[in-house]
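All chains, full assembly: derive it from the sequences and hints.
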Amino acid sequence: MRHLSLIMLCTLCLSVGYWGGLFHQNANNAHWGSKPSYAAQDQASQQALSALIESSDWIARIADQVMPSVVHIESVWKSSSTDKVIASETGSGVIVQFGDSGTKYVVTNRHVIRNAQPKDIVIQLQDGRQVHPAQKWDDEKTDVAVMRLPVTDVIPAEWGDSEETKIGNFVLAMGSPFGLSQSVTLGIISAKSRRELALGNAANSLVNQDFIQTDAAINPGNSGGPLIDLRGRIIGINTAIASSTGGSEGVGFSIPSRMAKHIVQQLLEHGRVDRAYLGVSLDDQFTLEEARTLGLGNAKGARIEKIEPETPAARANLLQDDVILSVNGIDIEDERHLINIISMMVVGSKANLVVQREGRRQTIVVQLGDRAELESR
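Just so you know, we're using our numbering here: the sequence shown kicks off at 581 and counts up by one.
Quick caveat, the hints were computed from the structure, so don't treat them as lab data. Where hints are given, some of them may not hold.
[Unchecked claim] Here are the computed lysine to any residue pairs in the SDA-like style, where the Cα-Cα straight-line distance is at most 20 Å:
1) Lys886 with Gln900
2) Lys699 with Thr745
3) Lys721 with Arg852
These numbers were taken from a predicted model, which means no experiment stands behind them.
Okay, structure coming up:
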């Protein structure tokens, strides 16, 4: 609502500016005996109003298009020994489909359903039906979860590509804030690639953070709902807020659709997420100033602190203090960015790393390993 008001305010300011300009012009014209053009003034006002109505109607059409795909979720976590309810959670989700199988799934956040059995999860569809998921999967490192629906006569939303979005793009946050299902808020993308956020108790487990920041109102209960672009496509999964009050203060975070879709596909294909790895420890205090002293200019990259033995990095002869500048042509912004890119690559694939070593750049090819093997040592 705030942004609709802003649009109206901007339109009003433009109108005032226009009228003020006409007044000045007409005052000058009056000196020469000219009369003001009331028809021109009225036409400008009508054009501004028509543009505002058209924008409002477009947003309404997008909401109407996607709303059938948005669900309300309630879950309870019970003791395995006594069946006593330990805790409960409410959230949101969005219906998706992969391929032509006809099977429908609900994508949501792991923290909405993580400890609940499928029989203890209720998914409320837009038409009022309540169903239990037939199966569920989740990924702790990204807070992404997916559930298979027992019904197919539902409408899936379309995936968009979060990499194509820009700061300033309008977005809609959809879901069930405070249990108020089928709610829509409007905002913009405030920032991208937000990493290293402290997100409550889940902060330590979220290895892969690359959030879209939005000022579209996100509140408790919105978790798992979609962030939608003005083409009606999913560009994010709403996950968290930064707040001193527990409610929306205009700083919300969504998992980008490219990451969420990749995780969901991995879960559906393998029942788990296969993550590639290099086998290095990275300097999380490496600053842009330090990068400049190494002759990197504004290309920061990620500096290696330690090489783990018998890992892809060791076999490729990466060295301590090497600065990784790019992977397969993608410039590296910081250590978290590098972790995200590598972890989403195919295990066993080759990565071309541009590395700064002792003032010189070189390309090193690394065959990526399976992170699960490292974690099982």
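Hint-by-hint comparison with the structure:
Restraint check for Lys886 and Gln900: satisfied, since their Cα atoms lie roughly 5 Å apart, inside the 20 Å limit. Straight-line distance between C-alpha atoms of Lys699 and Thr745 comes to about 38 Å, which puts the hinted pair past the 20 Å bound. For the suggested pair Lys721 and Arg852, the alpha carbons sit about 11 Å apart, so the restraint of at most 20 Å is met.
Checked against the numbered hints given earlier, the structure breaks only hint 2 and satisfies all the rest.
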